[in-house]
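Build out the structure end to end from the sequences listed, making use of the hints.
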Amino acid sequence: MKKSSIPSIIYTVLIFAFLYLPIGVLILYSFNSSDSTGVMEGFSFKWYKELFTDSATLTALRNTLVLAILSSVISTIIGTAAAYGISKMSNKHLKNATMSVTQIPMINPEIVTGISMMLLFVFVGGMIGSSTSLGFGTVLIAHITFNLPYVILLVLPKFKEMDKNLPEAARDLGCTPFQSFFKVELPAIMPGIVAGFIMAFTLSLDDFVISYFTTGSGFETLPIRIYSMTKKRVTPDMYALSTLIFVTILVLLLLSNLSNDKNKKEMSKRAKKVAKIAGGTAFGGIIIATIVLICVSAGTRSVTLNVYNWGEYISDGGEGSYNVNAEFEKWYEEDYYERTGEKIDVRINYTTYASNEDLYAKLKSGAGGYDVIIPSDYMLEKLKIEGLIQPLGSVSTIKEAIPNLEYLNPQFEEMFVYPNEKGELELYGAMYTYGVVGIVYNADKLAPEDLEKIEKGEMGWELIYGQEYMEKYKGQILQFNNSRDAFGTAMYHLGYNVNTATVDQWEEAYRLLQSQKPYVQGYVMDEIYNKMEGGEAAIAAYYAGDCLAMMENNESLGFFYPSKNNGTLFETNIFADAMCIPTGSQNKELALSYINFMLSEDAAVANAEYIYYSSPYDHVKENLDYQLYMGLYDYVYVLDENGEYILDENGEPLIVLDENGDPVYELTEDGGDYAVIYYSDFESSLKIMFDSYAYKDLDTAQGANITTSGLNDYWESLKVDSTSFGSSVYIVCAVILAVIIVIFVVYFVRKRRQRRYYWNNTSDPKPLPQVSVGADSDPLSETITLAAIRAQEKKQDANKEEHIKPDEVKKGPQIKTIRTDKRTTVILPADKIIKG
Amino acid sequence: MNKKGTLLRQAAAYPHIVWSLLFIIAPLIFVAYYAFTDKEGNFTFDNISAMAEPSYLEVFLRSLCFAFLATVICLVIAYPVAYFISKTSPKMQKILIMLVTLPQWLNFLIRTYSWMALLEDTGIINSLLVSIGLDPIHMINTPFAVILGMVYNFLPYMIIPLHSVMAKIDVRLLEAASDLGCNQFQVMTRVVLPLSKSGIISGITMVFVPSISTFYISQKLGGGNFDLIGDTIERQFQTAYNYNLGAAMSFVLMILIIISMAVMNKYSDDDGGVIV
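So the protein sequences, as listed, match chains L and X.
Mapped onto my numbering, the consecutive letters of the first sequence carry residue numbers 1 to 836.
Mapped onto my numbering, the consecutive letters of the second sequence carry residue numbers 1001 to 1276.
None of these hints come from the bench; they were simulated from the model.
Any given hint could be a false lead.
In silico lysine-lysine, DSSO-like type, Cα no more than 27 Å apart, as pairs [stated by the list, open to error]:
(1) L:LYS621 with L:LYS399
(2) L:LYS160 with X:LYS1266
(3) L:LYS158 with L:LYS95
(4) L:LYS164 with X:LYS1168
(5) L:LYS330 with L:LYS588
(6) L:LYS517 with L:LYS445
(7) L:LYS158 with X:LYS1197
(8) L:LYS95 with X:LYS1091
(9) L:LYS696 with L:LYS364
(10) L:LYS160 with X:LYS1039
(11) L:LYS92 with X:LYS1266
(12) X:LYS1039 with L:LYS364
(13) L:LYS456 with L:LYS472
(14) X:LYS1266 with L:LYS95
(15) L:LYS422 with L:LYS399
(16) X:LYS1094 with L:LYS160
(17) L:LYS160 with L:LYS92
(18) L:LYS751 with X:LYS1197
(19) X:LYS1266 with X:LYS1197
(20) L:LYS158 with X:LYS1091
(21) L:LYS751 with X:LYS1266
(22) L:LYS422 with L:LYS696
(23) X:LYS1197 with L:LYS92
(24) L:LYS588 with L:LYS422
(25) L:LYS364 with L:LYS588
(26) L:LYS160 with X:LYS1197
(27) L:LYS88 with X:LYS1168
(28) L:LYS49 with L:LYS330
(29) X:LYS1039 with L:LYS696
(30) X:LYS1039 with L:LYS158
(31) L:LYS158 with X:LYS1094
(32) L:LYS160 with X:LYS1091
(33) L:LYS158 with L:LYS183
(34) L:LYS399 with L:LYS588
(35) X:LYS1168 with L:LYS158
Next up, the structure:
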């Protein structure tokens, strides 16, 4: 064979570099000790360590693998049987119909497959009155469905390629049909089955879209988990996990490739047989192990608590922190044993969502079965109105069920309390966190006069909404990709009360957002972290706690609350997330003790430190560990004569201890930037702010004459609104399309002319027929092409029905035309074909 | 073979047929049902006619253009690669194809995230450009970035079908062609290209369909500025709760794809005569 030329090697290497570039990047980030992709800090294995303590991620990984194995095994079995059946079908219409239907999931966009199945499951679930119509079963069905066509289309050709006489010969020699299938046909189609299995496995492993729409309570795959990290950031242990997966697969595939080669050369027949059996056993072992695993997990007597929370919204044991869920399981089991003397196995099934809207969509679409959910204020209201959550209990008695509520700061006591029909007050949500929207900015990118204004506390929302500022910082502003906060902040800029605003006022906010669109760099959620930290954008509105987390990674970042009236009242949106129990919960008692546990000092402090949002609980705010963590207090360090820290043997600075051996601490100079941002400044106005957060009471129609769904429509038109973006794309598109059309027109016109020429000259076989592939060429190369086609057709013969039209054959005695499904081919008499 | 035996063997396909009816056909009926009804379940054309609004038309047009460009670029890039791979030794082919598929094993959300880090103004590529003294190029949040994301994610779906067709081409045909006076280019256009037509068509399908319906790539690499059909459908189901409109969009998208497929199959089926 000819050696490949150097340019083509370089080209291929470049394409491979393109394919592996992002993988190189994620491997790089997995070793970066910073948690931001915008900042490189140094080499570290910390994310790998983190990964193995992150039980939720490991569970998601296990789920993904179980799902991939099960769905690919089942679809391989059904698919192989189907391919066998289809290959034996004699009724052509049935065969064609089956094949067309089979191909639908391949041709259909994933998103259509996903939503169509979701609609079916929700409908059927509603019909049989099940509260949990979505879950593991539905994801499995969906995966099998989209895997099947790939298996069938990879196995079917093997049946067709197989010599049809083989099974017959086998039966002539005394095989039963069964034996002939397993001894003769199965080995012949094995490569197809293996290819189909691997294909199905890969597809299932990587699928996000279909799982996203069809999954329900308690079943989270890895892609869904990653997607739900979109309010907070994607944690770098995901990069570590990806790196590990990548390396494992690379090694496995290389090994199998190398060993395969050796097998062929060196192994004796017997060794091959042994290898085959070993392979078969390993494969069977995996299947049995999976089935056993599922049976065992289904068979263990245990109570499961389904918790559905925001991504990255609980202290999960990473970096030596408190693992709230694991501690609860342990605590409850012990407590239950003490109370009743019986053993119980509690398992928390912890899954995550990306936004309030995701949560609502899941609850609404019938994915019941959740026991604890954590919606934000306006969503809690909406859920309550629609009867999707139940009261935790009556206000007068709730402290018996959730004793830790006594630490709730009095100013929050009225939150989420609603009267029932009897006028009795009921609590619907136990507050988890709250936070305020502010503006984070990059001091390096702002003009000095604007910085001064911010410092003086005179800057308001005009920094992102004022025409002058938008022009100044064009393309540097990040906007919320969520309607509530985008609308809310726009309303604050306009100076309207978000609570009593009229349709006109909301519409004005919509027009403001619309006019802002050309100046905005992007509509983002979690990407804001990396973009602000990396200096990609200058200004963004986001939640206070998250902004503080960003400031830790980039010292140029600053944060302020927009206030027009010299800081007397913060004009910004506020949110509160609360723990609720959905109506369909099977385990209210357990859910209540989970909520109580979440509010216990250890867990609440760990969560507050992890999430970085403000805590409404006094025992958290007054916790010394928390205050130290937040920078309100700091230890007193031992200093040498130059004022430098003295390090101990672990490299940690030495701390001054008092006579009891306890560390001495003091109020930090700036009084704790964090504490200021978090608590002190808006303490007095908190109640006022909570009285009028965006979207409050909109759906109960008190004073407001627009509903949240009306606002969703505005948001919808903002998002689809055509802007000047991408006009160059249309031009390029049109040009390419025009070129393609021209090529085809020329091609077909030419071909047609040639064809006419040919048919006009059939009486004289001398001028060689010009067919689809060639034009004005020398006869010989034409012949080659024809030979090539014939060779190809011969190969494909098995796949195609041939109809020889007798009249066409008559026309030219030496040349016959074969009409196949795909193309008309002219076949020359044998003596004209040069044998390759 | 006797008839009874054939029927019996055919029965092996029945589980699949039943499965298809339940989980392929029935869900599609639901999509159609939602597309043609309003929230109360009354028959209506409103959802479909909403597609004719300029803003939605633009979304469709934009998605079509992006997907079209991504497909063309994939084809142009992948063709030489697939050809090159098919010319290597069988062992090498196996390894190279494996290397093409390997990135697919990693989660595509994560890979898209990596591209974000690469393409940003202060990202890896621009930092490199600046460090060698060139001007940075603005890439993120542009149509270019979205199309690049599509090309990256779906390129293997183009290379693999092309390669599997090319690998089957008899090398002797190519040798004969060049022996008989064809130059490299003629060998490509006259022999390889016609013979790889089926690979081209399945490659186009496998790239175009996911490109036109993607919704994550445009959000992350386009900064939410370029709403594609996938984004719009996703929003109907996840945030706007307008199942009917979402179903109508899916329905139209489906029809659009079926038409494109039919057109493509038409000219690949037909020997000429009909122009696209």
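Here is what the structure says about each hint:
1. L:LYS621 with L:LYS399: Cα-Cα ~20 Å, so holds.
2. L:LYS160 with X:LYS1266: holds, 25 Å
3. L:LYS158 with L:LYS95: It holds: about 17 Å lies between the C-alpha atoms, which stays within 27 Å.
4. L:LYS164 with X:LYS1168: With Cα atoms ~22 Å apart, LYS164 of chain L and LYS1168 of chain X stay inside 27 Å; holds.
5. L:LYS330 with L:LYS588: Judged against 27 Å, a Cα distance of about 19 Å means the pair holds.
6. L:LYS517 with L:LYS445: holds, 20 Å
7. L:LYS158 with X:LYS1197: holds, 21 Å
8. L:LYS95 with X:LYS1091: violated, 37 Å
9. L:LYS696 with L:LYS364: At roughly 20 Å apart (the allowed maximum being 27 Å), LYS364 of chain L and LYS696 of chain L satisfy the hint.
10. L:LYS160 with X:LYS1039: violated, 49 Å
11. L:LYS92 with X:LYS1266: holds, 21 Å
12. X:LYS1039 with L:LYS364: Between LYS1039 of chain X and LYS364 of chain L the Cα gap is close to 14 Å, so the pair holds against 27 Å.
13. L:LYS456 with L:LYS472: OK: LYS456 of chain L and LYS472 of chain L at ~20 Å, within 27 Å.
14. X:LYS1266 with L:LYS95: Distance ~21 Å between LYS1266 of chain X and LYS95 of chain L Cα, so the pair holds.
15. L:LYS422 with L:LYS399: The given pair, whose Cα atoms are some 20 Å apart, holds under the 27 Å limit.
16. X:LYS1094 with L:LYS160: Holds, at about 23 Å.
17. L:LYS160 with L:LYS92: Holds - the C-alpha atoms of LYS92 of chain L and LYS160 of chain L are around 15 Å apart, at most 27 Å.
18. L:LYS751 with X:LYS1197: This hinted pair holds, its Cα atoms lying about 17 Å apart.
19. X:LYS1266 with X:LYS1197: holds, 13 Å
20. L:LYS158 with X:LYS1091: holds, 21 Å
21. L:LYS751 with X:LYS1266: holds, 16 Å
22. L:LYS422 with L:LYS696: holds, 24 Å
23. X:LYS1197 with L:LYS92: Given that 27 Å is the threshold and the Cα spacing comes to 25 Å, the pair holds.
24. L:LYS588 with L:LYS422: holds, 22 Å
25. L:LYS364 with L:LYS588: OK: LYS364 of chain L and LYS588 of chain L at ~20 Å, within 27 Å.
26. L:LYS160 with X:LYS1197: holds, 21 Å
27. L:LYS88 with X:LYS1168: holds, 26 Å
28. L:LYS49 with L:LYS330: Between LYS49 of chain L and LYS330 of chain L the Cα gap is close to 23 Å, so the pair holds against 27 Å.
29. X:LYS1039 with L:LYS696: Holds, because 25 Å separates the two Cα atoms, which is no more than 27 Å.
30. X:LYS1039 with L:LYS158: Violated, at roughly 48 Å.
31. L:LYS158 with X:LYS1094: holds, 19 Å
32. L:LYS160 with X:LYS1091: holds, 25 Å
33. L:LYS158 with L:LYS183: Status holds; Cα separation ~15 Å.
34. L:LYS399 with L:LYS588: holds, 15 Å
35. X:LYS1168 with L:LYS158: holds, 15 Å
Checked against the numbered hints listed earlier, the structure breaks hints 8, 10, 30; every other hint is satisfied.
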